[in-house]
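Protein sequence lines correspond, in order, to chains A and B. Here the working numbering is used: position 254 in the first sequence is 254, and no number is missing along the way. Here the working numbering is used: position 93 in the second sequence is 384, and no number is missing along the way.
One or more of the hints may lead you astray.
[To be verified] So, partial list: chain B residues that the calculated Cβ filter (under 8 Å) puts toward chain A:
#1 Arg324
#2 Gly333
#3 Ser382
[Said to hold, decoys possible] Chain A stretches covered by chain B per the calculated footprint, using a threshold of three residues with CB under 8 Å from any CB of chain B:
#4 17-23
#5 50-60
#6 102-109
#7 235-242
Quick caveat, the hints were computed from the structure, so don't treat them as lab data. Just so you know, even glycine gets a beta-carbon here, dropped at the ideal spot from N, CA and C.
So you can see what is in the structure, the chains are spelled out below.
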Amino acid sequence: MSENRYELNENLAQMLKGGVIMDVTTPEQARIAEAAGACAVMALERIPADNRAAGGVSRMSDPKMIKGIQDAVSIPVIAKCRIGHFAEAQILEAIEIDYIDESEVLSPADDKYHIDKTKFKVPFVCGAKDLGEALRRINEGAAMIRTKGEPGTGDVVQAVRHMRLMQAEIRRIGSAAEGELFDIAKELRVPYDLVQYVHENKKLPVVNFAAGGVATPADAALMMQLGAEGVFVGSGIFKSGNPEKRAAAIVKAVTNFTDAKLLAELSEDLGEAMVGINEQEIELLMAQRGE
Amino acid sequence: MLALQGAFIEHEEMLSKLGVESFEIRQKNDLLRSFDGLIIPGGESTVQGKLLKESGLLEPIRQLILDGLPTFGTCAGLLLLSKRIENDARSYLATMDITSVRNAYGRQLGSFYTEESFGSIDKVPMTFIRAPYIKEVSDSVEILATVDGKIVAARQENQLVTAFHPELNDDLTIHRYFTNMCSGE
Numbered sequence: 001m002s003e004n005r006y007e008l009n010e011n012l013a014q015m016l017k018g019g020v021i022m023d024v025t026t027p028e029q030a031r032i033a034e035a036a037g038a039c040a041v042m043a044l045e046r047i048p049a050d051n052r053a054a055g056g057v058s059r060m061s062d063p064k065m066i067k068g069i070q071d072a073v074s075i076p077v078i079a080k081c082r083i084g085h086f087a088e089a090q091i092l093e094a095i096e097i098d099y100i101d102e103s104e105v106l107s108p109a110d111d112k113y114h115i116d117k118t119k120f121k122v123p124f125v126c127g128a129k130d131l132g133e134a135l136r137r138i139n140e141g142a143a144m145i146r147t148k149g150e151p152g153t154g155d156v157v158q159a160v161r162h163m164r165l166m167q168a169e170i171r172r173i174g175s176a177a178e179g180e181l182f183d184i185a186k187e188l189r190v191p192y193d194l195v196q197y198v199h200e201n202k203k204l205p206v207v208n209f210a211a212g213g214v215a216t217p218a219d220a221a222l223m224m225q226l227g228a229e230g231v232f233v234g235s236g237i238f239k240s241g242n243p244e245k246r247a248a249a250i251v252k253a254v255t256n257f258t259d260a261k262l263l264a265e266l267s268e269d270l271g272e273a274m275v276g277i278n279e280q281e282i283e284l285l286m287a288q289r290g291e
Numbered sequence: 292m293l294a295l296q297g298a299f300i301e302h303e304e305m306l307s308k309l310g311v312e313s314f315e316i317r318q319k320n321d322l323l324r325s326f327d328g329l330i331i332p333g334g335e336s337t338v339q340g341k342l343l344k345e346s347g348l349l350e351p352i353r354q355l356i357l358d359g360l361p362t363f364g365t366c367a368g369l370l371l372l373s374k375r376i377e378n379d380a381r382s383y384l385a386t387m388d389i390t391s392v393r394n395a396y397g398r399q400l401g402s403f404y405t406e407e408s409f410g411s412i413d414k415v416p417m418t419f420i421r422a423p424y425i426k427e428v429s430d431s432v433e434i435l436a437t438v439d440g441k442i443v444a445a446r447q448e449n450q451l452v453t454a455f456h457p458e459l460n461d462d463l464t465i466h467r468y469f470t471n472m473c474s475g476e
């Protein structure tokens with residue numbers, strides 16, 4: 001039987017589209033997320049907001065904790081490894097994780113190289129600030145892309161900036177003359193065939209989600225209208241007053257992202273949103289990790 | 292096209308290659324438009340099922356299917372149409388007399404591609420992503436495809452289901468079969 005693992009892994013991302021992937025730290029939270037309509041959960045020891053507060057080195061989660069979450073839910077389970085830490089990725093593959101997020105939220109393990117993701121059978125999702133980063137990650141074997149945003153802040157401004165930048169660059173390449181593609185490939189430091197794909201299809205070759213700072217149904221709708229194919233919500237849910245209600249509202253906002261009347265109803269009485277910190281108040285910009 | 296969550300755009304593209312028009316159903320109002328068939332796409336059955344119930348779409352769609360609307364469910368769509376899901380207490384539209392098994396091939400590492408015959412057609416590409424299969428069918432259900440002895444495609448009058456994703460390959464066989472169902476075959 002011939003099979004293309006990479007294609008199957010891209011296909012799983014296609015099944016997640018139009019959905020919300022939620023950060024959870026316990027089996028109990030995972031069950032709440034699944035019941036609220038999450039299409040997948042991200043299992044991690046500390047949500048990004050707490051990583052920020054705690055400081056220090058943050059690493060891959062305890063496999064036992066991840067297995068507890070795998071047993072608690074029937075939807076796909078994603079876990080994070082540090083940028084460049086292929087041994088952590090090997091461990092996550094060994095416990096049959098559904099997706100690995102090579103993530104700037106954790107402390108980078110390699111300041112030059114990302115993981116060679118073509119060596120793995122399980123799929124990877126990676127963060128990107130712009131099209132060049134996205135295509136470099138895809139070239140390394142990422143089967144799904146998300147904006148980096150600025151995790152753990154509850155401030156959507158960076159996710160918006162990254163998504164707008166990606167879409168603008170896609171439009172630029174889409175309308176470029178064929179002969180200009182070689183130079184664009186050089187400028188973005190990516191192989192020519194990926195640039196050619198974007199030129200012909202006017203989109204990324206893989207599914208593209210929004211992540212980093214999404215905290216409300218309106219944030220989720222904003223990102224979907226800007227071209228995201230789904231949304232990651234990290235600290236925004238379990239750092240808020242009423243996680244169940246907020247999670248369910250964000251799920252519905254992603255499905256009905258153009259229906260302002262419904263979005264108004266969904267935004268009512270959600271309790272306190274995550275307090276958040278503004279971009280200018282942050283000392284550590286996680287988005288700058290890994291270019 | 293039920294467009295609550297999942298890979299519905301891929302189905303729309305397949306239909307447009309066949310010259311068939313489609314539109315997306317997200318809310319009850321969308322059912323007011325006229326249509327000849329319904330596709331329930333792959334995605335997560337728990338998400339789509341929950342949104343079906345809470346949007347008030349579940350009962351009207353269930354009634355349309357019982358009244359004979361040609362309906363095609365892939366993967367999660369198969370689960371939503373199943374009367375029984377062996378390893379899940381939940382049921383949703385429950386209009387098709389089959390018992391299915393959710394995530395029957397395990398996690399993502401169990402996802403696979405193969406080619407098998409579908410009805411009388413040889414070598415149809417089949418992509419399985421964290422897929423279910425059908426464990427039991429009633430006498431009124433026609434089995435259309437099996438892989439390693441497991442039922443992966445079946446039809447009961449106006450309802451067609453596949454455990455795999457024909458929308459992910461270029462082959463139009465299954466979508467053509469369904470559009471023929473919609474025009475009364």
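Here's how the hints hold up against the structure:
1. Hint status for Arg324(B) relative to chain A: violated, with the closest Cβ pair at about 16 Å, above 8 Å.
2. With its C-beta approaching chain A no nearer than about 5 Å, Gly333(B) sits inside the 8 Å limit, and its interface hint holds.
3. Because the closest C-beta pair between Ser382(B) and chain A is about 14 Å apart, greater than 8 Å, the hint is violated.
4. Only when three residues or more bring their CB closer than 8 Å to a CB of chain B does the claim for the region 17-23 of chain A stand; here the count is 3, and the claim holds.
5. Counting residues of the region 50-60 of chain A whose C-beta sits closer than 8 Å to any C-beta of chain B gives 0, which falls short of three, so the coverage hint is violated.
6. Restraint check on the region 102-109 of chain A versus chain B: 0 residues with Cβ-Cβ distances below 8 Å, three needed, restraint violated.
7. As drawn, the region 235-242 of chain A meets chain B at 0 residues by the rule of a beta-carbon pair under 8 Å; below three, the given contact is violated.
In this structure, the hints that do not hold are numbers 1, 3, 5, 6, 7, in rising order.
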